[in-house]
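Numbering of the sequence shown is given in full-length UniProt numbering, commencing with residue 1 and proceeding in unit increments.
These aren't lab readings, by the way, just hints derived from the structure by calculation. Treat the hints loosely; a few may be bogus.
[As the list claims (entries may be wrong)] Derived lysine-lysine pairs resembling PhoX-like cross-links, with alpha carbons at most 25 angstroms apart:
1) LYS69 <-> LYS106
2) LYS106 <-> LYS172
3) LYS168 <-> LYS106
4) LYS90 <-> LYS168
5) LYS172 <-> LYS90
[Claimed, not checked] Computed beta-carbon distance windows for the label pairs:
6) GLN147 <-> SER9: 18 to 26 angstroms
7) GLU75 <-> VAL160: 35 to 43 angstroms
8) ARG148 <-> SER9: 18 to 26 angstroms
Note that beta-carbon positions come from the ideal geometry of N, C-alpha and C, so glycine has one too.
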Amino acid sequence: MQSGLEEISMVDVLVDPWLRVVGRDFEGYRNHCRRVFIFACELVEAEGESRQKIAIASAYHDLGIWADKTFDYLEPSKRLARAYLESTGKVGWTDEIETMIDQHHKVTPWSCNPGWFVEPFRQADWIDVTLGARNFGLPRRFILEIQRRYPNAGFHLALVRLTIGRLKEHPKDPLPMVRW
Numbered sequence: 001m002q003s004g005l006e007e008i009s010m011v012d013v014l015v016d017p018w019l020r021v022v023g024r025d026f027e028g029y030r031n032h033c034r035r036v037f038i039f040a041c042e043l044v045e046a047e048g049e050s051r052q053k054i055a056i057a058s059a060y061h062d063l064g065i066w067a068d069k070t071f072d073y074l075e076p077s078k079r080l081a082r083a084y085l086e087s088t089g090k091v092g093w094t095d096e097i098e099t100m101i102d103q104h105h106k107v108t109p110w111s112c113n114p115g116w117f118v119e120p121f122r123q124a125d126w127i128d129v130t131l132g133a134r135n136f137g138l139p140r141r142f143i144l145e146i147q148r149r150y151p152n153a154g155f156h157l158a159l160v161r162l163t164i165g166r167l168k169e170h171p172k173d174p175l176p177m178v179r180w
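Could you build the full structure based on these sequences and the hints that come with them?
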């Protein structure tokens, strides 16, 4: 199985231009994107175009948090991904990548259009957000190695900080990105 380690630069090329926008959370976010990419590639043994799609979704899936300064970030993240796809002539991938972004916090499995990478991407994000507590069949040793190679760098603390801020402003809708 190829985990995507040799192609992590695909993610970096997409995330690195956002350094100033993401600011102090940049290293944590970039490493989160790297881990999600690697986990998703490992779950489906992705190659070629599949890796490109996963890299794009990985880079843009949470970016709306910083680009639009909102914790209700799925639409802004999809908009940024769509703009990238349009600028690179990959408009045909838009529906799949927007769905990957829109459903990545879905609590239950996503079963529509099984040829798309929505479900493995969702699983990969859950693996990372739960620090490997949910592993969807990936070996614990592999998850730990990826976490060691691409450390958290405060990403989960940033999520806690953002969640608390959202809870204070919107106590009845603290997690607008969660889908059932």
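Structure-based check of all given hints:
no. : hint                                 : verdict
1   : LYS69 <-> LYS106                     : holds (22 angstroms)
2   : LYS106 <-> LYS172                    : holds (19 angstroms)
3   : LYS168 <-> LYS106                    : holds (23 angstroms)
4   : LYS90 <-> LYS168                     : violated (39 angstroms)
5   : LYS172 <-> LYS90                     : violated (38 angstroms)
6   : GLN147 <-> SER9: 18 to 26 angstroms  : holds (20 angstroms)
7   : GLU75 <-> VAL160: 35 to 43 angstroms : violated (23 angstroms)
8   : ARG148 <-> SER9: 18 to 26 angstroms  : holds (19 angstroms)
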